[in-house]
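Residue numbers (the working numbering), protein chains in the order written: chain A, 48 to 169; chain B, 526 to 725.
For the record, the hints were derived by calculation from the structure and aren't laboratory data. The structure displayed is predicted, hence computed values, not measured ones. Just to be clear, a hint being listed does not mean it is correct.
[Said to hold, decoys possible] So the derived list for chain A, only partly shown, Cβ under 7 Å to chain B, looks like this:
(1) ASP57
(2) THR60
(3) ILE61
(4) ASP93
(5) SER96
(6) SER132
(7) GLU133
(8) MET139
(9) MET143
(10) SER149
(11) TYR150
(12) VAL152
(13) PRO154
Just so it is clear, CB atoms sit at the ideal spot from N, CA and C, and this is done for glycine as well.
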Amino acid sequence: MTQTILVVDDSPTIVKFVSLSLKTRGYTVVTACDGMDAIEKMQGIDDVSLVITDLNMPNLDGYGLIHTLRQNEKHQETPIIILSSEEDEADMERGMQVGASSYLVKPFKSSLLLEEVTKFLK
Amino acid sequence: MAVNEKLYSKMQQEIFALASSVGEVVEKFKQLHHPLSESHERVPKATEQLDKISEQTEAAAHQMLDMVEGITQRESDIVAGLTELKTKLSAGTQDNAEAESTIDGLIEKADKNCNDAYTIMDVLQFQDITSQQMNHAAALLEDIEGRLDGIISIIHGKDSSNKEKKKSTSKRAERAYDPHADMYEKKTDQEMIDSIFSKK
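Construct the complete structure from the given sequences, taking the supplied hints into account.
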């Protein structure tokens with residue numbers, strides 16, 4: 048059974064780019080356009096192995112999504128990778144504080160993304 | 526004497542009224558100064574963002590075209606190599622060692638094409654970056670628009686909370702973007718980021 052990764056971003060280009068990179072490596076990908084959509088989608092999935100999320104999104108941003116997921120016992124240990132164009136250390140620290148596992152700055156190479164993913168999904 | 530006093534009183538009233546009007550004008554100018562100076566600062570920022578979009582879109586397009594040029598050249602080489610191999614195999618003149626070497630070369634070219642396709646995919650992220658830059662520029666322009674509305678309202682003595690302004694503000698609130706999004710100027714590397722997260 049393949050591992051399922053949830054990709055959350057309000058940019059359709061990034062969603063497609065990340066999904067394509069992951070699918071070629073055999074992962075199953077579920078996508079969401081913002082934090083609220085991600086929470087709804089997660090309710091319909093049995094097992095999410097990893098979450099990849101943007102920070103700046105309408106309705107519910109990445110910080111809010113991570114915070115919400117960490118409140119849920121089921122997702123306390125789920126690896127979460129942040130994708131953001133924000134390069135401030137403060138954003139990275141905040142991401143870490145709310146419970147993110149890793150952080151990638153946009154734009155990034157697909158090889159780097161896969162490297163980060165395989166750190167958590169061996 | 527009575528006439529002079531009456532005239533004096535009238536003049537005094539007029540002077541007070543004039544002083545009051547001048548005071549109001551000064552106050553209005555003070556109110557105008559802030560939105561004008563703020564707008565003045567935001568216009569170059571919006572222009573800078575638009576210039577950045579133009580430059581980075583062009584650079585990304587060139588980078589992709591270079592990749593496509595390489596891919597098409599190697600595709601032609603692959604087709605030519607396979608055609609030659611087929612011809613020699615049909616004629617029974619193909620040497621095994623030579624065939625192996627040709628196939629290795631073709632595999633190398635195919636691999637390079639695959640890598641370049643991934644690079645094109647990476648570069649296509651410019652659409653997301655420029656979209657954020659455009660949202661930033663649009664937000665700056667909307668902000669200027671709001672300040673100019675405020676100036677017009679001050680001049681005409683109207684309430685600035687009209688329907689159009691509310692509509693514009695609600696549209697602005699929908700924008701989610703990073704004002705620092707940049708395609709080519711990364712200040713951090715992944716090792717540094719990983720070291721922050723390793724403290725967890």
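Numbered hints the structure breaks, given as an ascending list: 4 and 5
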